[in-house]
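All chains, please: the whole structure from these sequences, using the hints.
Line order of the protein sequences matches chains A, B, C, D, E and F.
Residue numbers are given in this note's numbering: position 14 of the first sequence equals residue -2, and the series is strictly consecutive.
Residue numbers are given in this note's numbering: position 43 of the second sequence equals residue 27, and the series is strictly consecutive.
Residue numbers are given in this note's numbering: position 151 of the third sequence equals residue 135, and the series is strictly consecutive.
Residue numbers are given in this note's numbering: position 3 of the fourth sequence equals residue -13, and the series is strictly consecutive.
Residue numbers are given in this note's numbering: position 187 of the fifth sequence equals residue 171, and the series is strictly consecutive.
Residue numbers are given in this note's numbering: position 165 of the sixth sequence equals residue 149, and the series is strictly consecutive.
Be aware that a few hints might be false.
The list treats identical chains as interchangeable, and a pair is accepted whether it falls inside one copy or across any two copies.
[As the list claims (entries may be wrong)] In silico lysine to aspartate or glutamate, EDC-like type, Cα no more than 16 Å apart, as pairs:
#	residue 1	residue 2
1	Lys11	Glu46
2	Lys11	Asp47
3	Lys63	Asp140
4	Lys218	Glu192
5	Lys211	Glu192
6	Lys11	Asp49
7	Lys11	Asp52
8	Lys220	Glu192
Rather than coming from a laboratory, the hints here were simulated on the basis of the structure.
Protein chains: 6
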Amino acid sequence: MTSPLSEAARNALLGVSTATLTTQLFKRGLRNVFVQGARPLNPNGPPMVGPAYTLRYIPAREDLDTLDVFADRTHPQRKAVEDVPAGSVLVMDCRGDASVASAGGILLTRMMVRGVAGVVSDGGLRDSPEIARLPFPAYCRGGSAPVNLIKHHAADLNVPIGCGGVPVFPGDIMVGDGEGVVVIPAAIAEEVAHDAAAQDVFETFVMERVRAGQQTFGLYPPNEETKQAFAAWKAKGK
Amino acid sequence: MTSPLSEAARNALLGVSTATLTTQLFKRGLRNVFVQGARPLNPNGPPMVGPAYTLRYIPAREDLDTLDVFADRTHPQRKAVEDVPAGSVLVMDCRGDASVASAGGILLTRMMVRGVAGVVSDGGLRDSPEIARLPFPAYCRGGSAPVNLIKHHAADLNVPIGCGGVPVFPGDIMVGDGEGVVVIPAAIAEEVAHDAAAQDVFETFVMERVRAGQQTFGLYPPNEETKQAFAAWKAKGK
Amino acid sequence: MTSPLSEAARNALLGVSTATLTTQLFKRGLRNVFVQGARPLNPNGPPMVGPAYTLRYIPAREDLDTLDVFADRTHPQRKAVEDVPAGSVLVMDCRGDASVASAGGILLTRMMVRGVAGVVSDGGLRDSPEIARLPFPAYCRGGSAPVNLIKHHAADLNVPIGCGGVPVFPGDIMVGDGEGVVVIPAAIAEEVAHDAAAQDVFETFVMERVRAGQQTFGLYPPNEETKQAFAAWKAKGK
Amino acid sequence: MTSPLSEAARNALLGVSTATLTTQLFKRGLRNVFVQGARPLNPNGPPMVGPAYTLRYIPAREDLDTLDVFADRTHPQRKAVEDVPAGSVLVMDCRGDASVASAGGILLTRMMVRGVAGVVSDGGLRDSPEIARLPFPAYCRGGSAPVNLIKHHAADLNVPIGCGGVPVFPGDIMVGDGEGVVVIPAAIAEEVAHDAAAQDVFETFVMERVRAGQQTFGLYPPNEETKQAFAAWKAKGK
Amino acid sequence: MTSPLSEAARNALLGVSTATLTTQLFKRGLRNVFVQGARPLNPNGPPMVGPAYTLRYIPAREDLDTLDVFADRTHPQRKAVEDVPAGSVLVMDCRGDASVASAGGILLTRMMVRGVAGVVSDGGLRDSPEIARLPFPAYCRGGSAPVNLIKHHAADLNVPIGCGGVPVFPGDIMVGDGEGVVVIPAAIAEEVAHDAAAQDVFETFVMERVRAGQQTFGLYPPNEETKQAFAAWKAKGK
Amino acid sequence: MTSPLSEAARNALLGVSTATLTTQLFKRGLRNVFVQGARPLNPNGPPMVGPAYTLRYIPAREDLDTLDVFADRTHPQRKAVEDVPAGSVLVMDCRGDASVASAGGILLTRMMVRGVAGVVSDGGLRDSPEIARLPFPAYCRGGSAPVNLIKHHAADLNVPIGCGGVPVFPGDIMVGDGEGVVVIPAAIAEEVAHDAAAQDVFETFVMERVRAGQQTFGLYPPNEETKQAFAAWKAKGK
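This is how it looks when you write it as structure tokens:
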């Protein structure tokens, strides 16, 4: 869909915070980029970076959403688990309804084994205690035991969706840290990665000064004097 | 998509209440059929029956959703207004967000002129005082002035959607009265129309008896004696 | 349960507003007396006064809540319709869930015919357009077509309940006007009725003065001068 | 605070819809201008235009918010009623909590008599059936009988507030119609009034054409041909 | 009320997940069995199994709900703490309101000492940091310091209730794990326990295969080949 | 503003739970004192005691709330960070909106270095994983990456505000533990601290007895026998 993210950009994004990314996107006029309500099941797990592969749920219908649908290889949820490319992030639109699950421990383990970069849902995930122990980024509104068929009908794959109130187009870059998930439009992911990494270096400098007792006025945001100090600090190899 | 509704079924559905329809659908195992939150802007307007033609919105993105998109003939909302067949109902998935509009007075008037059967949205409609005076069924969460672009990106047409928490597949039969809107799966619309009309005749009889002072036990639901009295009442030509 | 409301108190309550009653109850330390979310289906209908007869719903269970339960004379909802005393108000605890109905047109008509004083629900009522035309006070969160069994299991009758976030004990006096419903504890209903009527007379005087251009300072609440003017106004037979 | 609105701008704003105003403000980068949840108590009442005079409520405290505070001439709510200038709109920040009132019939009548332009609250108003009969614009989340002291402590007057999720600075121009209320920043009110009136003329032309059967493509938004037809239509004196 | 759960069933339930149980109940037509919003205060604590003993709260009334009620041995909350049988689970209906507590550290410790199996509330629990350190299953919407009397009036014991949107009848089997709580109707608890344990064995086999790299198609749900492999795996003593 | 809290009272408050404080305040007629929804980012961090210094946000406006405002020394948020006195608590009114941040890691570190006692917000905090590792009390609705300007306009400092639904006047004593935050009106903080400490000693005695197997009737609340036993226990030096 779009040219893939460069390795440099991917590495940069693995190191920056979602907070920094929202600032970079705000500078570009994008205010609605943080997946509301999606928390990491394991806040101390690895960060997540990868292009979005989407799964869209609509409300379930009792006659269509029965347990036997899972035997069908074309069922969108089951197909997604095997088809989402390694390195991509499965993003699920559950209309924010976390009263049931959108996936569970077996499917997430399968995706982890396949090299998928992570999972984001604005619904629930079942087997959450087990998922919280996997070295695999999984974001959702919370653990929720009930089988997804009770509320969700898997409608289609890789169409534009909403997730946690944010638009997600297939190929958009999903970045997750211990706070949550940011969606970066594919077309600007490279430049945002670059500028976010630069912002993070500056904020490391700021934090050093703040810890040393400097006040924030003139420092954050920087005045000319601070800009020079920062340049010197960087030149010293920090 | 499915064989069209017979004229007899359509007429039957124009005469029954959404309350009766939910009972018929409950008998068939369908519990989630009433579009939650969608009220008629004109409660005294005409009833609505027609197959669903769907428009799906996802959350807006500031760089994509600008006023000039409306000049594009392929923009899904504008295309929907001209393409929804006469006799059909335009059903819009706004994720239940009524903080902005999903359409307004000019577009609804155009659809009315084109012979569209009605409009259902789980978001807002702007120009609501004006729409409330049209002889055209329009259901939504309430009047809402802001332009739809502020929150909604028109994503695609005639795919399965959720509306007011209910699954809506293109071709499903939408029925609206002064209370709200029910969605009947296309495949069972004929039989539901038939049985609902029969139920309504019985309830007319029940209401006559209740107004005359009869108690509800044995009457509603009917015991054998009531069934015979109802048969006699019907035989008398009501 | 408690000694019945005197005819004088009942008549007084028919003439005062729910706004006035909340002030009287606030003076007595009761802050939570207005049934939140319950609106009259017919805002221009008659006012409502009567002791509470309660019906408690809990969430439905699919195996228990099937259409055939209505044939059972002991089913609490159906029993309530025939057992609620004339002059009383049927108050239903729906846990604030208006996604389905708690009763409909036939049952409300039966209660109207029986001389019941009114119905209050913190859920929905079906056949709402029809109910809105009855000369019968009916308060709810809104019209809602789906049959009550989908979400509500009728549990028991005449136990203390919550309705719209307010405690309602059987026998408490329910008063409804075009704004909503207030619950007066049975033990203080007589004195509240008396004081509310007196407050209303004073506010009629205040409104006359306000319409004539008097400022509110010193008038509302009254200073000594206003109290004397009010005494004179009353003495003149107004 | 700011130069007052010109009479021409005021008249223009009395004639345009809130829908049109949100489009004009969206063009200027302002997306959050419609007071969410505030409905007119009398949808058929007069439109409203005037600068904002604000009253800020914070949550009540039982020891501070007792009935005797109303006797104090410095109590912000009571002071507001007498101090809001004729022609201005009283805007109340209730934190969106409509479980109690923010004002009632006597105070609104006083303001109407004083020539105040209207009242906007993101809470409730008590005596709503009475207010709905006044020829006075009153917008709120709904009728709510309980006295304001139960939840609201009047904190101060004429500071910037939020109302229905929208920022309101004293002097901003509040415009209300049958749909709701829009807030126009004072500095751009003149130009917005002018452009909105022009937009409304164009939409009147569009509606004429739509009623006559013209399709919306090329018409709304207009292509060159439509622009010329509109110029001719205007030249003909319509 | 019902014959007690067998020791075998109890042990089976201690070992299965709530996710598995919702699937078993979904197979039996029960979709609403997971107590929404109730989380374990100590996610790493012991699992919970036991029949429900219920406590019903309605909204508080200021004149009835004062601190001295706790001295009364018949006060339902205090009576519950001493009367809930060892091995049972105290289930509290707080109408989902967690703005205050439903119980606290002292009462939970007393129940733990008495051998009660656990506590489930759809409200808050106070002293939550202390409770989180007890080897005692406690589920609620979150820690909440305020005394229960502020919002909750203890109405009665061991009647059917709703908890987290789910119907709970006294004697129903409550099962809790690190994800949340499932309610099993008493009449089917034995068979559900048996089938859930069997499902868990199969899912252990599936997880082994998934970890080893097998794809999910044909495995989960199983085709004939997988069923044979599972039979062989079980025969080998796993 | 008010006479500062005595060192004895401050120490007492550092040792009592917020649960105990709500009971003491309930005894004094104050029911709404617990900041709803505010959780500690580090539940195992230090307790918090200090007078409130307030920051009020209203909804943002796109033309006013741009990144360059932070360079202005009078910007209320930035000014607050440098001006909140050591020993005080910064309390932020975000109208309960946690979809964006109200502050982040750098500003909180600066306040920690300055000796501020803690931070309370009814919105979000960004950099939450980093803040959770600081030895600094920080309470909010949850981690939220987006920059505050997207939703919040910093309006003013040290005015009365609402926070989590609770009134907070500058100088009120904020107390936080692992459960949440309680607001004590400044005028009664000394006596509440004293009585809460006494209550805590008694509850320590009660907990000892409960752990030893004593039933709660007669113990909690205490009868005469228990009061004597408690007096003896205290006399023994505990």
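Going through the hints against the structure:
In this assembly of identical chains, Lys11 and Glu46 lie within 16 Å of each other by CA distance solely across copies; the values are 12 Å between and 46 Å within a copy. Only between protomers do Lys11 and Asp47 lie at most 16 Å apart by alpha-carbon distance; the minimum there is 12 Å, versus 48 Å within a single protomer. For the homomeric pair Lys63 and Asp140, the shortest alpha-carbon distance inside one copy (10 Å) is at most 16 Å, but the shortest distance between copies (22 Å) is not. In the homo-oligomer, the alpha carbons of Lys218 and Glu192 lie at most 16 Å apart inside one protomer (13 Å), although the nearest pairing across protomers, at 50 Å, exceeds that limit.
Only within a single protomer do Lys211 and Glu192 lie at most 16 Å apart by alpha-carbon distance; the minimum there is 14 Å, versus 56 Å between protomers. Within a single copy, Lys11 and Asp49 get their C-alpha atoms only as close as 44 Å, which misses the 16 Å cut-off; across copies the closest is 12 Å, which meets it. With identical chains, the CA atoms of Lys11 and Asp52 are at most 16 Å apart between copies only, with a shortest distance of 11 Å across copies and 49 Å within one. Taking the closest pair of Cα atoms, Lys220 and Glu192 come within 16 Å of each other only inside a single copy of the chain (14 Å); across copies the shortest separation is 52 Å, beyond that limit.
Consistency note: the structure conflicts with none of the earlier hints.
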